[in-house]
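Colleague: Build out the structure end to end from the sequences listed, making use of the hints.
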Amino acid sequence: VTMWGCGQFSQIPCISTNITDLSITDTMLQELPESISLCSRLQCLIIFGSVTPYPFSDANDLQHTGTDIERIPDWIRDLHVLVALVIIGCPKVTSLPELPPSL
Numbered sequence: 001v002t003m004w005g006c007g008q009f010s011q012i013p014c015i016s017t018n019i020t021d022l023s024i025t026d027t028m029l030q031e032l033p034e035s036i037s038l039c040s041r042l043q044c045l046i047i048f049g050s051v052t053p054y055p056f057s058d059a060n061d062l063q064h065t066g067t068d069i070e071r072i073p074d075w076i077r078d079l080h081v082l083v084a085l086v087i088i089g090c091p092k093v094t095s096l097p098e099l100p101p102s103l
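In terms of full-length UniProt numbering, the sequence shown opens at residue 1 and continues consecutively.
To be clear, the hints were calculated from the coordinates, so they are not data collected in a lab. Careful, some of the hints might be misleading.
[Claimed, not checked] Label pairs and their in silico Cβ distance ranges:
#, residue 1, residue 2, range
1, Asp26, Ser102, 27 to 33 Å
2, Leu96, Glu31, 29 to 35 Å
3, His80, Gly5, 31 to 37 Å
4, Glu98, Gly7, 33 to 39 Å
5, Gly5, Arg77, 30 to 36 Å
6, Ile88, Asp21, 26 to 32 Å
7, Asp21, Cys90, 17 to 23 Å
8, Arg71, Ser37, 17 to 23 Å
9, Cys90, Gln11, 30 to 36 Å
10, Glu70, Cys6, 22 to 28 Å
11, Lys92, Asp21, 22 to 28 Å
12, Asp68, Gly5, 17 to 23 Å
13, Gln8, His80, 33 to 39 Å
14, Glu98, Cys6, 30 to 36 Å
Beta carbons are placed, not taken as given, at the ideal position from N, Cα and C, and that holds for glycine.
Modeller: Structural data, given as structure tokens:
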């Protein structure tokens, strides 16, 4: 699922729990709904903007680009299959928590 250039988009509708990739770019979305954590097949999450993510235990690719986040959440160390972490244009991030050994 790709949401790009939807400047007025502020809420995620009900999304199938079978999605494997979610890309959110140029929206008014501030955070993901907690129900998104039920997407057990989600492997790639790409966020551009100020969206705050929820943990996904099966995610292997996590990208934050141009977000207002101040820190990478501690739960990232529990993503044992994470093989790619990309952080670009997040000037408020000053340090990283413990990272999973899979990186």
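Colleague: Each hint: holds or not?
Modeller: Structure-based check of each hint:
For the pair aspartate 26 and serine 102, the beta carbons lie near 30 Å from each other, so the given range of 27 to 33 Å is met. Judged by the Cβ atoms, the range 29 to 35 Å given for leucine 96 and glutamate 31 is violated: they are separated by roughly 21 Å. A beta carbon spacing of about 34 Å between histidine 80 and glycine 5 agrees with the range 31 to 37 Å that was offered as a hint. At about 36 Å, the CB distance of glutamate 98 to glycine 7 agrees with the hint of 33 to 39 Å.
With their beta carbons about 33 Å apart, glycine 5 and arginine 77 fall inside the hinted range of 30 to 36 Å. Take isoleucine 88 and aspartate 21: their Cβ atoms lie about 18 Å apart, and the range 26 to 32 Å is violated. With their beta carbons about 21 Å apart, aspartate 21 and cysteine 90 fall inside the hinted range of 17 to 23 Å. In this structure the hint that arginine 71 and serine 37 lie 17 to 23 Å apart at CB holds, the actual value being about 19 Å.
Checked against the given bound of 30 to 36 Å, the beta carbons of cysteine 90 and glutamine 11, roughly 23 Å apart, lie outside it. Here the CB-CB span from glutamate 70 to cysteine 6 is close to 25 Å, well matched to the stated 22 to 28 Å. Between lysine 92 and aspartate 21, the C-beta spacing of about 26 Å keeps the proposed range 22 to 28 Å intact. Between aspartate 68 and glycine 5 the C-beta distance comes to about 19 Å, which sits within the given range of 17 to 23 Å.
At roughly 37 Å, the beta carbons of glutamine 8 and histidine 80 sit within the given window of 33 to 39 Å. Here the CB-CB span from glutamate 98 to cysteine 6 is close to 35 Å, well matched to the stated 30 to 36 Å.
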